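Novice: Read off the chains here:
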Amino acid sequence: MLKTNSFGTLPKPNKMKLELTQKQKEILKKGLSCLFVLSIFALFFAIQGCNKKEAVNKDKSVSDLSIYNLPSKWTNQNGQNIEMKDLRGKVLVMVMIYTSCKSACPRLVADMRNIESRLPENIKEHVKLVLVSIDPETDTPKRLKEFAIANKMDGNQWEFLRSTEENTREFAAVLAVNYKKIAPLEFSHSNIISVFNAEGELAYQQEGLGVNSDETIKKITEEAVKLN
Amino acid sequence: MSQLKKIITFFLLLINSVLFAQDVKMASINGGTFVPLYGATAKKPVKVAPFNIDIYPVTNAQYLAFVKKYPEYSRSKMKGLYADKSYLTQWESDFSYGKNNLSNAPITNVSWFAAKKYCECEGKRLPTMDEWEYVAMADEKRSDARTKEEFNKYILSWYEKPKTYANPVGQTFKNYWGVYDMHGLVWEWTADFNSIFLSGESRKDKDTDKNLFCGSGSVNATDLMNYAAFMRYAFRGSLKASYTTKNLGFRCAKDK
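If you're matching them up, the sequences are chains A and C in order. Taking the numbering used here, the leading residue of the first sequence gets 1, the next gets one more, and so forth. Taking the numbering used here, the leading residue of the second sequence gets 1, the next gets one more, and so forth.
Looking at chain C on its own, in the form it has when it is part of the complex (with noise of 0.2 angstroms):
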């Protein structure tokens, strides 16, 4: 009797393997603690679960088999609720990317909301802030390499290139863990870009605005000499979820 269960059981969770359809290679992190740029009180350590985040940002030729396959994400059907008007501007036409864009090119111009369908469509999740961080903070060689003055270099040097969106996946270095363009390709939406306490807008230009944000004081930026880390928070912080431009592009991650 438990032996046919054990039988259906893992006939249930091929089943399951299969539909979730992981042809997208994902990276195994470990588990562990970091102190994040932004978000821990008092500069305590944030815990981070063991998780799989998939080693390259999502691909127009990716993300073209998902709007062939829910329409309603199509570049004319999306709904205004869930992305502004610049939503996949750059794609020829509704199901082609045309022959500006490399099919192996990160997707750019999706909203949160987008992003968050695309991943929960193929049985992941966006990664949180703090998983997206802790995978950035490794170079070749280290899980955490920001103290290392060369790799925030390279960083910054990232930050004054133009156009580096529309460069292929993977062409940039492979991370400690595996994964490729965390830094040199594209910016990232993450799960809860919405918990930061940044002002963006020039009028309300102060780090904390006490009278917008509730308690807001209580959480401060750990190291401001991080200036790399600092400008992805401060540029999160401006955006919101139905916002789309041409350097944001996004990858999943999933539970272990």
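The following block holds chain A by itself, in its conformation from the complex (with noise of 0.2 angstroms):
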């Protein structure tokens, strides 16, 4: 974190790393009743941390292999706060990316970009496409609606996800996506785009840069039509 900090190409998100450390200062001045309040809030996640999964464990109505079990909570580009689950319904086309990233990612929104455009109209209403950060550090709601608007992908079709950096390597395992930071603004990840069907579940995956997405429209169509 702190070497982000240092890292003054981008104005935006030091900005908002400043402003945290002045708020953490004003914190530690308040001294004890501060420990006093933070160790309720210990107690609290803690059993929250814990307990929270049951609840949605328990939720009968999802199947078993449904990323819809998934509890963590998201926010879109929107500053929306959501749960995967709100997105029931919909076919889901996902991918992980980074805004800043140079190399893979444009073209892995552009294989998405392009998928999108090749989806046969009577069915563009049932599917969801979502690309989700895998540097929510850098990528807020803010900097994902300007990369939104800059590649076109500003229409209710897509959604752009962050959430915390535990609830992303936790989606990424779900998906298989392997990612590392391997410098300030600077990922390696898997490049694998992610079908599921309306109610969860994994349809398919396509995986690699610039391949043929034939496939993969076949599927979404699949899963979607049924939703007609």
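FYI, nobody ran anything at the bench for these hints, they're computed from the structure. Predicted model only: the values in this text are computed from it and were never measured. Glycine included, C-beta positions come from ideal geometry on N, C-alpha and C. Hints are not guaranteed to be accurate.
[Said to hold, decoys possible] Pairwise CB distance ranges, derived in the manner of DEER restraints:
| # | chain 1 | residue 1 | chain 2 | residue 2 | range |
| --- | --- | --- | --- | --- | --- |
| 1 | C | F34 | A | S63 | 42 to 52 angstroms |
| 2 | A | S61 | C | K85 | 16 to 26 angstroms |
| 3 | C | N247 | A | D86 | 18 to 28 angstroms |
| 4 | C | Y227 | A | R113 | 37 to 47 angstroms |
| 5 | C | K25 | A | A183 | 51 to 61 angstroms |
| 6 | C | N247 | A | N78 | 39 to 49 angstroms |
| 7 | C | V24 | A | R113 | 46 to 56 angstroms |
| 8 | A | E83 | C | S76 | 21 to 31 angstroms |
| 9 | A | S117 | C | L102 | 51 to 61 angstroms |
| 10 | A | E146 | C | E72 | 54 to 64 angstroms |
| 11 | A | R118 | C | S93 | 44 to 54 angstroms |
| 12 | C | S86 | A | A183 | 34 to 44 angstroms |
| 13 | A | A183 | C | K153 | 30 to 40 angstroms |
| 14 | C | G32 | A | R118 | 47 to 57 angstroms |
[To be verified] List time: in silico EDC-like cross-link candidates among lysine to aspartate or glutamate, alpha-carbon distance up to 20 angstroms:
| # | chain 1 | residue 1 | chain 2 | residue 2 |
| --- | --- | --- | --- | --- |
| 15 | C | K79 | A | E83 |
| 16 | C | K77 | A | E201 |
| 17 | C | K25 | C | D94 |
| 18 | C | K79 | A | D111 |
[To be verified] Far from chain A by the CB rule (all over 10 angstroms, computed), these chain C residues:
| # | residue |
| --- | --- |
| 19 | T89 |
| 20 | G184 |
| 21 | N194 |
Bring the two chains, given one by one in their own frames, into a single complex with the hints.
Specialist: Next up, the structure:
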């Protein structure tokens, strides 16, 4: 985290971090009363962190293999808080990227746009194209919004999501996407586009860059037609 | 007034520590830097902050207590999203590890999701790969024994030994930090196991698949001579989070 602070080329995330540290300083000044509050919080989160998942697990209505079992909370490019299960009922086309990526992501994003443009008109309303950030620290909702507009992916069918580092790592585990931060604003990551059916079950994965998307589009169409 | 606050704070901290059920012994690991086999850019040392780690891997008995408390993690209730079909397959039933498994043998056939959840419910977390490797490079006397020939021979000889997963925990050597079984018993899950870019599949058997992975060429093994460690990273690289195998267990860690 500190390393990114000294990385001066991107003013927006930097600003955000400075505000944070100022806030932290204020908190520290409050001393003992803060310790008091913190321990309540620690207690609360400890219980929450462990029990939260069971509450969702008890939800019998989603299948065993569904990503809608995941309890993690996400924020989209419009600053709205959502859970994965809010996307239930749509066929999802998902990819993990980060907006400051210079090498593979532009091609991955192009692949996503290409897939979207080739979808038959009669199923488009049943499909959501979801781009999940692997760099939640940098990719604020504002930045995701700017990225969406700059890449002409600003329609309702596009969803850009970010969460905590831990939730992101977990979600990557579900998608079998590997990633690693190799420098500030630089990640290695797998290039995988995943298709989920309306119930959140993995239907297909396309691996690699600039590959032929015919099979992916076929799968999306198959799943989406069921919803017509 | 502040006196009262102090007292309340103390009690809350006490409740915290009771809730986190610290009955499992942890070793205190000093922070430091090291160059891991894999994951350091341009061989720059990786910094490890001080942390605590369980001195033994989690056992059958401990895991049984966990599934009794959280039955949705029992063998028949476990969701397919979180574990494949061999989850806890060596156990006799949902709530018994049976006679063929020792109570103090390491729990195996658990997925990453299950291991992660177990640690969370203990108020802990899985160690990161760097943390795990940092602890694992110690022998009995040195915090970093990786250049010692005997140490590497010991690890490699374990890789050839069959069925060590059935042994009790704590029978291998106690390392510099007071931690047992980093080598010689089971492989272990780490929090960020999915940050490796070595393809385990033979159809893509190149070290770095440039097409599948973005920027993977910039992360390279710093020391391919360290075959023992290379095996561990290759193994992790071949895993998916829902996989379970009989020689793969875990232990938990905690921030200091």
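Novice: Would the hint linking K79 (chain C) and D111 (chain A) be met if the CA-CA limit is 20 angstroms?
Specialist: With Cα atoms ~32 angstroms apart, K79 (chain C) and D111 (chain A) exceed 20 angstroms; violated.
Novice: Please check whether E146 (chain A) and E72 (chain C) have a Cβ separation lying inside 54 to 64 angstroms.
Specialist: violated, 41 angstroms
Novice: So does K25 (chain C) sit 51 to 61 angstroms from A183 (chain A), Cβ to Cβ?
Specialist: The hint (51 to 61 angstroms, Cβ to Cβ) is violated, given that K25 (chain C) and A183 (chain A) are roughly 37 angstroms apart.
Novice: That 34 to 44 angstroms hint for S86 (chain C) and A183 (chain A) (C-beta), does it hold up?
Specialist: Distance hint for S86 (chain C), A183 (chain A) holds at roughly 38 angstroms.
Novice: Beyond 10 angstroms on every Cβ pair: is that true for N194 (chain C) relative to chain A?
Specialist: Per Cβ check, N194 (chain C) is inside 10 angstroms of chain A; nearest 5 angstroms; violated.
Novice: Okay, A183 (chain A) versus K153 (chain C) on CB: inside 30 to 40 angstroms?
Specialist: For A183 (chain A) and K153 (chain C) the Cβ distance comes to about 36 angstroms; the hint holds.
Novice: Non-interface claim for G184 (chain C): all C-beta distances to chain A beyond 10 angstroms?
Specialist: holds, 27 angstroms
Novice: Given the range 51 to 61 angstroms, decide if the beta-carbon distance of S117 (chain A) to L102 (chain C) lies inside it.
Specialist: Holds, at about 59 angstroms.
Novice: Taking the beta carbons of V24 (chain C) and R113 (chain A), is their distance inside 46 to 56 angstroms?
Specialist: Given range 46 to 56 angstroms: holds, Cβ gap about 50 angstroms.
Novice: When you take the CB atoms of E83 (chain A) and S76 (chain C), is the distance between them in 21 to 31 angstroms?
Specialist: Holds: the Cβ-Cβ distance is about 27 angstroms, inside 21 to 31 angstroms.
Novice: At the C-beta level, are N247 (chain C) and D86 (chain A) separated by a distance inside 18 to 28 angstroms?
Specialist: violated, 40 angstroms
Novice: Does the hinted range 44 to 54 angstroms hold for R118 (chain A) and S93 (chain C) at CB?
Specialist: 51 angstroms Cβ-Cβ, so the 44 to 54 angstroms window holds.
In this structure, the hints that do not hold are numbers 3, 5, 10, 17, 18 and 21, in rising order.
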